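Enquirer: One letter stands for each residue in the lines below.
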Amino acid sequence: MSKLILKTEGETHVVAVRRFAAPPEAVYRAHTEPALIQKWMLGPDGWTMPVCIADARPGGKIRYEWTNGEGHGFYLTGEFVELTPFSRIVHVERMHMPDPCPDNHVVTTFEPDGRGTLMTMRMTLPDAKTRAAMLSSGMEHGMEASYIRLETMLQ
Amino acid sequence: MRNLDAAFSALADPTRRALLARLARGEATVLELAEPFDMTQPAISRHLKVLEGAGLIVRRVEGTKRPCRLAPAAITEIDQWLGLLRDALAKNYDRLDDVLATMKPKPRKARR
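Chain order of the listed sequences is A and B. In case it helps, numbering that gives the first Met the number 0 puts the first sequence at residues 0 to 154. In case it helps, numbering that gives the first Met the number 0 puts the second sequence at residues 0 to 111.
Be a bit skeptical, because a hint or two may be false.
Unchecked claim - Straight-line C-alpha distance at most 25 Å; calculated PhoX-like pairs for lysine-lysine:
(1) A:Lys128 to B:Lys48
(2) A:Lys38 to A:Lys60
(3) A:Lys2 to B:Lys103
(4) A:Lys38 to B:Lys48
(5) A:Lys2 to A:Lys38
(6) A:Lys6 to A:Lys128
(7) A:Lys128 to B:Lys64
(8) B:Lys48 to B:Lys64
As the list claims (entries may be wrong) - Beyond 10 Å from chain B on every Cβ pair, some chain A residues (computed):
(9) Cys51
(10) Ile52
(11) Glu64
(12) Val91
(13) Asn103
(14) Thr107
(15) Thr123
For the record, the hints were derived by calculation from the structure and aren't laboratory data. Predicted model only: the values in this text are computed from it and were never measured. Ideal Cβ positions, reconstructed from N, Cα and C, are used throughout, including at glycine.
Just chain B, with the same shape it has in the complex (with noise of 0.2 Å):
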């Protein structure tokens, strides 16, 4: 079993959130994760360290660059973190109720 104390800090911060996000969508250099966000590559590369220490990430060499994507675990991981996508949808759906409860059906022609 990995480090879930490393893992649950990693993702204690927002930006190492969206980072792992993004990466999810694919493999990424420190550049390319740094321009959606307004901070410096060196603030960046911390992060990665963080996310690389956890498991969450892995890098490699590719000349001078070092692209970063997610670790195979960390994949399995996020299937497991269904809870915090639940908490999202169950909001969602506890609107809905309160939407429901205020409907009236619609209008039939037989009524007048």
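Looking at chain A on its own, in the form it has when it is part of the complex (with noise of 0.2 Å):
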């Protein structure tokens, strides 16, 4: 039931493809401007996003800072590298815990699909072993998610 699409492809390159029932123009604008970002980017139940920077222009700089309120945070750095409004986004990231990890180098797209859009996400890692790394970190929230929507599930 999941609309979301999310497969590896090859060694390195991690895929997420999704629709949404707006235009390209606010999918675009919900992926570079941070008064938006901080409403939806925010991974598990719970967590915020206090800091979020997204000079979106070529060069510009990222920064997303998390916290969950109880003391755990991380944050994330970036640079964008191509912008071609409101069609493709070009930006390299990366996590830091708190040792930076290797660059996510990301190209997302919007077409137009009917009256929404067509969103492709396609993530491109330094090696097989960096893929890695970066899926069990989210495999770490994903979890923890699910636990906690099962432990309210039980309650």
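Join the two chains, each given in its own frame, into one complex according to the hints.
Expert: See below:
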């Protein structure tokens, strides 16, 4: 029932595909305007993004900081490489845990799809090992969220 | 096929998942692994034993140290755990749906 398609490609890519019921302009803006990014790019329930810098121009800085309000937090830095409003964003990002992880090169495209948008996000990691590292930290968050949901259900 | 039960029960613990995520970034000694956790080295060693038993990490001997690294099989396995990353991303995009539903087109100059 999930509308998200997520798959690995070759040794170093991860590709996410998702449709949205809004035009490319809106989806693009939600990926480039800090006030909008802060509303949705949060991961599991209970996390917020108190710091969101997204200077959407070539060479512009990216910095996202997340916290769960209980002393846990981590952050991501990056740079925009290329922007084509409202169809394509190329950027580089890296997580800090707190040591910086290797760069993740991301190309995100927004194509008109009927009245909505087809978004394709293609991540390229330096090697298979780094991809595993990224997936395992994603796994950690995903699992945490699932456990929390399970706990809520069981109460 | 390796023992999936052992792998999953090894992964049921948040500390072991964090250890695995750390090792996915490179080899580390017990001392290095214990550092970010509020735990004693013996406690970390016990977790590592579980991960080793599940075939998720391998250890080698280097003098008195026994550095750990992710087992090659674990790298493949982690790639199959996309479902869990999918959960996190799916949640983000569900929230984005709500954000998009409240967005109005930017006012155009022609509009009054």
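Enquirer: Now tell me, hint by hint, if it's right for this structure.
Expert: Verification of the hints:
1. A:Lys128 to B:Lys48: Holds, because 22 Å separates the two Cα atoms, which is no more than 25 Å.
2. A:Lys38 to A:Lys60: holds (19 Å)
3. A:Lys2 to B:Lys103: Holds, at about 23 Å.
4. A:Lys38 to B:Lys48: violated (41 Å)
5. A:Lys2 to A:Lys38: holds (20 Å)
6. A:Lys6 to A:Lys128: holds (16 Å)
7. A:Lys128 to B:Lys64: holds (23 Å)
8. B:Lys48 to B:Lys64: holds (15 Å)
9. Cys51: holds (13 Å)
10. Ile52: Given a closest Cβ separation of 18 Å, the condition holds.
11. Glu64: For Glu64 of chain A, whose nearest Cβ neighbour in chain B is about 16 Å away, the distance exceeds 10 Å, so it holds.
12. Val91: holds (18 Å)
13. Asn103: Given a closest Cβ separation of 13 Å, the condition holds.
14. Thr107: Label holds. Min Cβ-Cβ 12 Å, cutoff 10 Å.
15. Thr123: holds (15 Å)
Hint 4 from the list above is the single one not met by this structure.
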